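Peer 1: Chains as they are written, first to last, in the UniProt record's numbering: chain A, 1 to 395; chain B, 1 to 395.
Hints listed in this document are in silico derivations from the structure and should not be mistaken for laboratory results.
Bear in mind that the values here come from a model prediction, so they are computed numbers and not experimental data.
Careful: at least some of the hints might be erroneous.
As the list makes no split between identical chains, a pair holds if one copy fits it or if it spans any two.
[Stated by the list, open to error] No more than 27 angstroms apart at the CA atoms, straight line, and that leaves these computed lysine-lysine pairs for DSS-like:
| # | residue 1 | residue 2 |
| --- | --- | --- |
| 1 | Lys286 | Lys92 |
| 2 | Lys145 | Lys245 |
| 3 | Lys279 | Lys84 |
| 4 | Lys53 | Lys286 |
| 5 | Lys53 | Lys245 |
| 6 | Lys53 | Lys230 |
| 7 | Lys125 | Lys279 |
| 8 | Lys311 | Lys391 |
| 9 | Lys34 | Lys311 |
| 10 | Lys391 | Lys92 |
| 11 | Lys92 | Lys311 |
| 12 | Lys84 | Lys286 |
| 13 | Lys3 | Lys92 |
| 14 | Lys279 | Lys363 |
| 15 | Lys8 | Lys84 |
| 16 | Lys230 | Lys98 |
| 17 | Lys245 | Lys92 |
| 18 | Lys245 | Lys3 |
| 19 | Lys3 | Lys230 |
| 20 | Lys363 | Lys8 |
| 21 | Lys311 | Lys245 |
| 22 | Lys53 | Lys145 |
| 23 | Lys286 | Lys230 |
| 24 | Lys311 | Lys98 |
Protein chains: 2
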Amino acid sequence: MAKQLIGKMVIGQSGGPTAVINQSLVGAILAARKHACITGILGAHHGIAGIMKEDFIDLTTQSVEQLELVAATPAAALGSVRLKPGRAECEKVFEVFKKHDVRYFFYVGGNDSAETAHIIAEMAKEANYDFCTVHIPKTIDNDLKVTDHCPGFASAARFVALAFMGDDRDNNALPGIKVNVVMGRSAGFLTAAAALARQSETDGPHLIYLPERVFNVASFQQDVRDAVAKYGRCVIAVSEGITDKDGNPISTSGERDSHGNIQLSGSGALGDTLAALVKAAFPGEKVRVRADTFGYLQRSFPTIISPIDAKEARQVGDFAVNHAATTGAPGSVSIRRLSSVPYQSECFITPLSSVAREATEMKDEYINAAGNDVTQAWLDYVAPLVGELPKIGRL
Amino acid sequence: MAKQLIGKMVIGQSGGPTAVINQSLVGAILAARKHACITGILGAHHGIAGIMKEDFIDLTTQSVEQLELVAATPAAALGSVRLKPGRAECEKVFEVFKKHDVRYFFYVGGNDSAETAHIIAEMAKEANYDFCTVHIPKTIDNDLKVTDHCPGFASAARFVALAFMGDDRDNNALPGIKVNVVMGRSAGFLTAAAALARQSETDGPHLIYLPERVFNVASFQQDVRDAVAKYGRCVIAVSEGITDKDGNPISTSGERDSHGNIQLSGSGALGDTLAALVKAAFPGEKVRVRADTFGYLQRSFPTIISPIDAKEARQVGDFAVNHAATTGAPGSVSIRRLSSVPYQSECFITPLSSVAREATEMKDEYINAAGNDVTQAWLDYVAPLVGELPKIGRL
Numbered sequence: 001m002a003k004q005l006i007g008k009m010v011i012g013q014s015g016g017p018t019a020v021i022n023q024s025l026v027g028a029i030l031a032a033r034k035h036a037c038i039t040g041i042l043g044a045h046h047g048i049a050g051i052m053k054e055d056f057i058d059l060t061t062q063s064v065e066q067l068e069l070v071a072a073t074p075a076a077a078l079g080s081v082r083l084k085p086g087r088a089e090c091e092k093v094f095e096v097f098k099k100h101d102v103r104y105f106f107y108v109g110g111n112d113s114a115e116t117a118h119i120i121a122e123m124a125k126e127a128n129y130d131f132c133t134v135h136i137p138k139t140i141d142n143d144l145k146v147t148d149h150c151p152g153f154a155s156a157a158r159f160v161a162l163a164f165m166g167d168d169r170d171n172n173a174l175p176g177i178k179v180n181v182v183m184g185r186s187a188g189f190l191t192a193a194a195a196l197a198r199q200s201e202t203d204g205p206h207l208i209y210l211p212e213r214v215f216n217v218a219s220f221q222q223d224v225r226d227a228v229a230k231y232g233r234c235v236i237a238v239s240e241g242i243t244d245k246d247g248n249p250i251s252t253s254g255e256r257d258s259h260g261n262i263q264l265s266g267s268g269a270l271g272d273t274l275a276a277l278v279k280a281a282f283p284g285e286k287v288r289v290r291a292d293t294f295g296y297l298q299r300s301f302p303t304i305i306s307p308i309d310a311k312e313a314r315q316v317g318d319f320a321v322n323h324a325a326t327t328g329a330p331g332s333v334s335i336r337r338l339s340s341v342p343y344q345s346e347c348f349i350t351p352l353s354s355v356a357r358e359a360t361e362m363k364d365e366y367i368n369a370a371g372n373d374v375t376q377a378w379l380d381y382v383a384p385l386v387g388e389l390p391k392i393g394r395l
Numbered sequence: 001m002a003k004q005l006i007g008k009m010v011i012g013q014s015g016g017p018t019a020v021i022n023q024s025l026v027g028a029i030l031a032a033r034k035h036a037c038i039t040g041i042l043g044a045h046h047g048i049a050g051i052m053k054e055d056f057i058d059l060t061t062q063s064v065e066q067l068e069l070v071a072a073t074p075a076a077a078l079g080s081v082r083l084k085p086g087r088a089e090c091e092k093v094f095e096v097f098k099k100h101d102v103r104y105f106f107y108v109g110g111n112d113s114a115e116t117a118h119i120i121a122e123m124a125k126e127a128n129y130d131f132c133t134v135h136i137p138k139t140i141d142n143d144l145k146v147t148d149h150c151p152g153f154a155s156a157a158r159f160v161a162l163a164f165m166g167d168d169r170d171n172n173a174l175p176g177i178k179v180n181v182v183m184g185r186s187a188g189f190l191t192a193a194a195a196l197a198r199q200s201e202t203d204g205p206h207l208i209y210l211p212e213r214v215f216n217v218a219s220f221q222q223d224v225r226d227a228v229a230k231y232g233r234c235v236i237a238v239s240e241g242i243t244d245k246d247g248n249p250i251s252t253s254g255e256r257d258s259h260g261n262i263q264l265s266g267s268g269a270l271g272d273t274l275a276a277l278v279k280a281a282f283p284g285e286k287v288r289v290r291a292d293t294f295g296y297l298q299r300s301f302p303t304i305i306s307p308i309d310a311k312e313a314r315q316v317g318d319f320a321v322n323h324a325a326t327t328g329a330p331g332s333v334s335i336r337r338l339s340s341v342p343y344q345s346e347c348f349i350t351p352l353s354s355v356a357r358e359a360t361e362m363k364d365e366y367i368n369a370a371g372n373d374v375t376q377a378w379l380d381y382v383a384p385l386v387g388e389l390p391k392i393g394r395l
């Protein structure tokens, strides 16, 4: 039942930034300016953390020109936060919302942000406070449930594909064995995008290892020996989240992040460990082995932006606000793919509970039987999102 | 004295690839096709190594369309090599040249390649064999003598500037201390290009450490503490080649490359060591510290190409061949900057001996007194080469 709420809106950004997260922010702001029922637009600095401190910026007056510049700039312009709030913190947030007559809350983030939005929505319901909260999806990991894919993923995937394309040419020029570690704790989507770098049968990456499959050191070493025998070189894509049969990381820096998770990014530990394993696979031989860890570059690189990703990131922000202003109903914005060729999609609303907390992984049909590469089904899924890539010239 | 040689030419590519090294190759090929005195164009696979094995590809028949695709593709399309040939190897090369009636040799590379070209030129002179060898410059390190700058540098510098621009926004969104390790064994040019990422006073990189200055751990730790006190975060650019007062690397993987040099790239060792030093600078405090090593991405990334770099890389190849075909005289192609605003340059020939073997470093006037940043003079030098960068949008 449609119910129009009259009051202010708060928008915040949460979790790891993406190259297009500001498109969603600007999409939401511009949509909100068209709805008279939204009486003010407050941006929260650093998400939930800023709301608790009432650290807001008024977003009603910026020029469209300034906002468009923000939209095209990577990483969360409002500031982001890594915080899974508990009940007490959500209550504090709810208090602030009531104090400022906030009736709409838009949270741009991943499944943890959807969970936060869900808790606050439930609180409002219990308190009989007319309130609408909509989660706006973003994550380079592409691991949200329900949606076909997540805004932010395709641009990061484009970076990974281009990086492998260039690095494979580099490796072709100076042959050796190259390990590239890509972000992705539990889902291999981003690492799997490396396969888009291939334009001929001998192009790398020649091997792809994903967190969805157990990483076996002996199989890995044999795979590399086989690839070197076949291609005279080997480029390897590895997800930072690979684990052994007991679920333990292959290598880490030993540090933990603010969620208590083992720190995977921002360290060269896994790459260096894998390089040592590769060297050990060629005893007595002189092999050139190098490892790079793509690190934070892949999620915030300016100019490497998928046009479809930018467009959809804008759309989910716009859709969230229009949905909230016209229905007053909570939810999470998802993307439905209508067709891959030509690529077409539409937004729809799914319950917050269907997206909150849990995440997805790559489908089995996207991973080859040996667990060291992807399938054509994966390429068919990912290629339209990433957009056209430059053609490799060769002699 | 102008002397026209009639015979075949060989062209090879050497050393670490760049994003525009194939522009030089294609510039040389297309120029050679216009000179009747050049009776055949042979491309050597993997430089000197391929010449010794007579491993050539005929470059007289490829379509311009195919060549243009090659020109736009990063990394050496002929294959590269890391080999400082000795006298015996140069003699072998010279034998092959005589056997195939090669009268022109073009070698695209850094100072080691200029040295190789120089040795072979001297051999030909001693043997009274009419022969012309021209070195075509390339290196992302920008460390060749005589020339204002080296083709390949500006595109790598553009990558570094964009990477820091995005990563600084990322760090601004999720504040912490971030160390980024950039390529450059002895010269800090590429690391110094990180400064182009700054568009406002609070933008990073907040500290820049170059191999031209001794790296002192205690000063580094104090610098970081000062920056965090001032900005609430800190983004740091560090050259992989930084050394202590005795000239020892701060941290390495312990491996050596094919030249016997300590391996700096393709390992996360330095970044991880610096991250640990930063953590130690904040005893008892919870600080978020991450380190990324840009690695090989910065030298072969497709689509991140400075337009001026692409144009000049083409020009040096073209100039080398025209010079050789019309004068028969050996030399190395250099670039003279005519003006920075608007940017204008021209090619000229310098003796091989003036470029061979030795390399340059950053001028003192480009580095600040504290040795932890660059100067305006550096920015004035580098900005026109890298080209326009996207404008950062902020709220």
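Peer 1: With identical chains, the pair Lys53 and Lys286 could be close in the same copy or across copies; at 27 angstroms between alpha carbons, which is it: within, between, both, or neither?
Peer 2: between (59 angstroms within a copy, 21 angstroms between copies)
Peer 1: One pair to classify: Lys230 and Lys98, alpha carbons no more than 27 angstroms apart. Within, between, both, or neither?
Peer 2: neither (66 angstroms within a copy, 35 angstroms between copies)
Peer 1: When no copy is named, should Lys53 and Lys145 be tagged within, between, both, or neither for a Cα gap of at most 27 angstroms?
Peer 2: The answer is neither: 31 angstroms in one copy and 57 angstroms across copies each exceed 27 angstroms.
Peer 1: How would you label the pair Lys8, Lys84 (within, between, both, or neither) given a Cα cut-off of 27 angstroms?
Peer 2: within (24 angstroms within a copy, 69 angstroms between copies)
Peer 1: Between copies, within a copy, both or neither: which fits Lys84 and Lys286 at Cα up to 27 angstroms?
Peer 2: between (48 angstroms within a copy, 18 angstroms between copies)
Peer 1: For Lys125 and Lys279, with the copy left unspecified, which applies at a CA distance of at most 27 angstroms: within, between, both, or neither?
Peer 2: neither (59 angstroms within a copy, 45 angstroms between copies)
Peer 1: 27 angstroms Cα cut-off: does Lys3 pair with Lys92 within a copy, between copies, both or neither?
Peer 2: within (26 angstroms within a copy, 86 angstroms between copies)
Peer 1: First find the shortest C-alpha distance between Lys53 and Lys245 inside one copy, then the shortest across copies, and answer within, between, both or neither for a cut-off of 27 angstroms.
Peer 2: neither (44 angstroms within a copy, 47 angstroms between copies)
Peer 1: For Lys311 and Lys98, with the copy left unspecified, which applies at a CA distance of at most 27 angstroms: within, between, both, or neither?
Peer 2: neither (33 angstroms within a copy, 60 angstroms between copies)
Peer 1: At most 27 angstroms between C-alpha atoms: does Lys286 with Lys230 qualify within a copy, between copies, both, or neither?
Peer 2: Answer is within: at 17 angstroms inside a copy they meet the 27 angstroms cutoff, but 49 angstroms across does not.
Peer 1: Have a look at Lys311 and Lys245 and pick one of within, between, both or neither, based on CA distance no larger than 27 angstroms.
Peer 2: neither (40 angstroms within a copy, 52 angstroms between copies)
Peer 1: From the Cα coordinates, with 27 angstroms as the cut-off, is the pair Lys311 and Lys391 best called within, between, both, or neither?
Peer 2: both (24 angstroms within a copy, 20 angstroms between copies)
The structure fails hints 5, 7, 10, 11, 14, 16, 17, 18, 19, 20, 21, 22, 24 (numbered hints given earlier, in ascending order).
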